[in-house]
Amino acid sequence: MSTQPIIRVRDLAREYRMGVETVRALNGVDIEIFPNEYVAIMGPSGSGKSTMMNMIGCLDTPTAGEYWLAGHEVSTMSDDELARVRNAEIGFVFQTFNLLPRASALHNVELPLIYAGVKSSVRRTRAEEALARVGLADRMHHKPNELSGGQRQRVAIARALVNDPSILLADEPTGNLDSVTSEEIMTVFATLHRQGQTVIMVTHEPDIAEHAHRVITLKDGKVHSDELRRAA
Amino acid sequence: MQYWEAIRLALQTIWTNKMKTAFSVVGVFIGVMFLIAVVSIVEGMNRYMTDRFAGTLLGVNTLHLRRFPNFETGETTRETWLSWIRRPRITVDDAEAVIAGLSIHHVAAWESASRAELEYRGLVARDIEVIAASDRYFDIKGMAIEEGRAFSAQEVQGGAPVLVLGNDLAKRLFEGIDPLGREVKIRGIPYRVIGVVERQGNLFGISLDKFVVTTAMSPAKRFVNPPGAIDALLVKTASQGELQQAISETEAIMRTRRHLRPRDEDNFAIETADAVLDFWAKINQVLMLALPMLVGISLVVGGIVIMNIMLMSVTERTREIGIRKSLGARRRDILHQFLVESATTSTVGAAAGVGTGLLLAKIIESISPLPASVAPWSIVLGVGVGAGVGIIAGIYPASRAARLDPIDAMRQE
Chain A
1 MSTQPIIRVR DLAREYRMGV ETVRALNGVD IEIFPNEYVA IMGPSGSGKS
51 TMMNMIGCLD TPTAGEYWLA GHEVSTMSDD ELARVRNAEI GFVFQTFNLL
101 PRASALHNVE LPLIYAGVKS SVRRTRAEEA LARVGLADRM HHKPNELSGG
151 QRQRVAIARA LVNDPSILLA DEPTGNLDSV TSEEIMTVFA TLHRQGQTVI
201 MVTHEPDIAE HAHRVITLKD GKVHSDELRR AA
Chain B
1 MQYWEAIRLA LQTIWTNKMK TAFSVVGVFI GVMFLIAVVS IVEGMNRYMT
51 DRFAGTLLGV NTLHLRRFPN FETGETTRET WLSWIRRPRI TVDDAEAVIA
101 GLSIHHVAAW ESASRAELEY RGLVARDIEV IAASDRYFDI KGMAIEEGRA
151 FSAQEVQGGA PVLVLGNDLA KRLFEGIDPL GREVKIRGIP YRVIGVVERQ
201 GNLFGISLDK FVVTTAMSPA KRFVNPPGAI DALLVKTASQ GELQQAISET
251 EAIMRTRRHL RPRDEDNFAI ETADAVLDFW AKINQVLMLA LPMLVGISLV
301 VGGIVIMNIM LMSVTERTRE IGIRKSLGAR RRDILHQFLV ESATTSTVGA
351 AAGVGTGLLL AKIIESISPL PASVAPWSIV LGVGVGAGVG IIAGIYPASR
401 AARLDPIDAM RQE
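Each protein sequence line maps, in turn, to chains A and B.
No gaps in the numbering here: position 135 of the first sequence is 135 in this note's numbering, and each next residue is one more.
No gaps in the numbering here: position 378 of the second sequence is 378 in this note's numbering, and each next residue is one more.
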């Protein structure tokens, strides 16, 4: 395992104000994740795992604590700086795919590169390569509604990979897929992990979490357990 | 994100939402269309008035001394009219006195006109303007002789029964034959055709080529005016400045001849092309003042419509905005995206407005006597205003989109 952690979370807290009440979604979380780990974050509803996912994904900022991602202190960043980090360091895979419905698979995959300011000719080649990596070389010009659920999720994975991010962050990646397709997607994740990609997956399904090498369980906004399943 | 990228994206969005775009730009479209159409017509009128109307009817640097104005710009009351027709007529003697008295170099001619029938071997042309004029008339009017010649000073002196034909008239009366040397009859008296004037075209749809010009002292003098009287003395100078001097000298000479006391008003009229142009300038001013207001109103309405459609679009595409933000779009990327979309939409509407406006101007030109002339600045203004309205209308929706929280935005279905 590498010496420097890619993610270091110290005493992380996130409070939400709901009317007069203050809800503590995260209440002092400490996690370190190293390059090329395959981590599943689990927990029941209300455990704070969605909040954790938003924190790791730089979509939200903590109310207290520190978050270091690939050497940047993310917890104090502005909106636009966070956007930069999301663009460069994080590849998202969502439960609902979150593809732009009117754009082709290729254009969807190109999006992160557009915001990275990559030239259009380079962009196209890289997007094509990413789609080829997930086995969709022949579906590049299809729109999301012309693709199956599994194919859509592959497009999303290609999009997540195209910017060569530090972490692949998946939020219930198989939540909208049948079991066969779920296995297919898990195979893709395993392959990516084998190729050196750091994968973090948020899920509430134990059999999906099974694929990860390390499972962190959250409960009531705290780390409940953190165990290695297999050799990473 | 580069601008051309944003524009391409905007055009894509516009293309996929053709109907919505069409509705959202109706206001801008109509505003710009009217701007272009009205400006084209006003420009056309402008050109027409300066180049043709004033030049043709009154002549450049030319004054007309008349009993009363031929072109009256305001409303003429019955009293004014009655006082006008009580005025003494301008006479040949008046004309000669003015010509002799003017200190500056000039060309002068006098004219009297009436309407009559023209007959050639049983062929009759009715309601023809018969002008009895002196020899320099053609020079002052800028009428070139296409065939034959104009009459000379000697022929005017001697009252030679010769005439020069207007172009249309020559074509109609002498279809296929050479009119030169033929005899036509006006009120039973024969005149010899010695020339044909070059085509003068038409003015607001009225032909300017149905006339004959005969010598001032020819038999026609008997019916165009009472003995010794003329309709107008025409004096042409080399420049505007000289024309002004000619006007004041003519006025002075006439006042002396008519024994007017200092308090008396002129009992004659001196007209120049400027008078007509002044009148036109006034209309023009009113139009140009009313136009921005009319166009402005439709543009404001158009802007509000675009703003609302953009707000709707932001709401509809909240999820898209969330996705884009999660992938690294910064606030300003989203802001630009929507601003460019709004500006592009509006510009497309404005461009369509420019096209339709030009078409409308052409249609108006072809079905009415109003001329049209496209002012390039109006096209630039139209498109510019379109883009401007789009940007202004887009600011609020775009900043709303830019401020959206990515988590909330992606949660939206």
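In case anyone wonders, no lab produced these hints; they're calculated from the structure.
Mixed in with the good hints, there may be bad ones.
[Stated by the list, open to error] Subject to a maximum C-alpha distance of 25 Å in a straight line, what follows is the list of computed BS3-like cross-link-like pairs (lysine-lysine):
{"id": "1", "chain 1": "B", "residue 1": "Lys185", "chain 2": "A", "residue 2": "Lys143"}
{"id": "2", "chain 1": "B", "residue 1": "Lys18", "chain 2": "A", "residue 2": "Lys143"}
{"id": "3", "chain 1": "B", "residue 1": "Lys185", "chain 2": "B", "residue 2": "Lys210"}
{"id": "4", "chain 1": "B", "residue 1": "Lys171", "chain 2": "B", "residue 2": "Lys185"}
Remember, predicted model here, so these are calculated numbers, not experimental data.
To see whether the hints hold, each was checked on the structure:
| no. | hint | in the structure |
| --- | --- | --- |
| 1 | Lys185(B) / Lys143(A) | violated (86 Å) |
| 2 | Lys18(B) / Lys143(A) | holds (19 Å) |
| 3 | Lys185(B) / Lys210(B) | holds (16 Å) |
| 4 | Lys171(B) / Lys185(B) | holds (17 Å) |
Comparing the model with each numbered hint stated earlier shows that hint 1 is the single one that does not hold.
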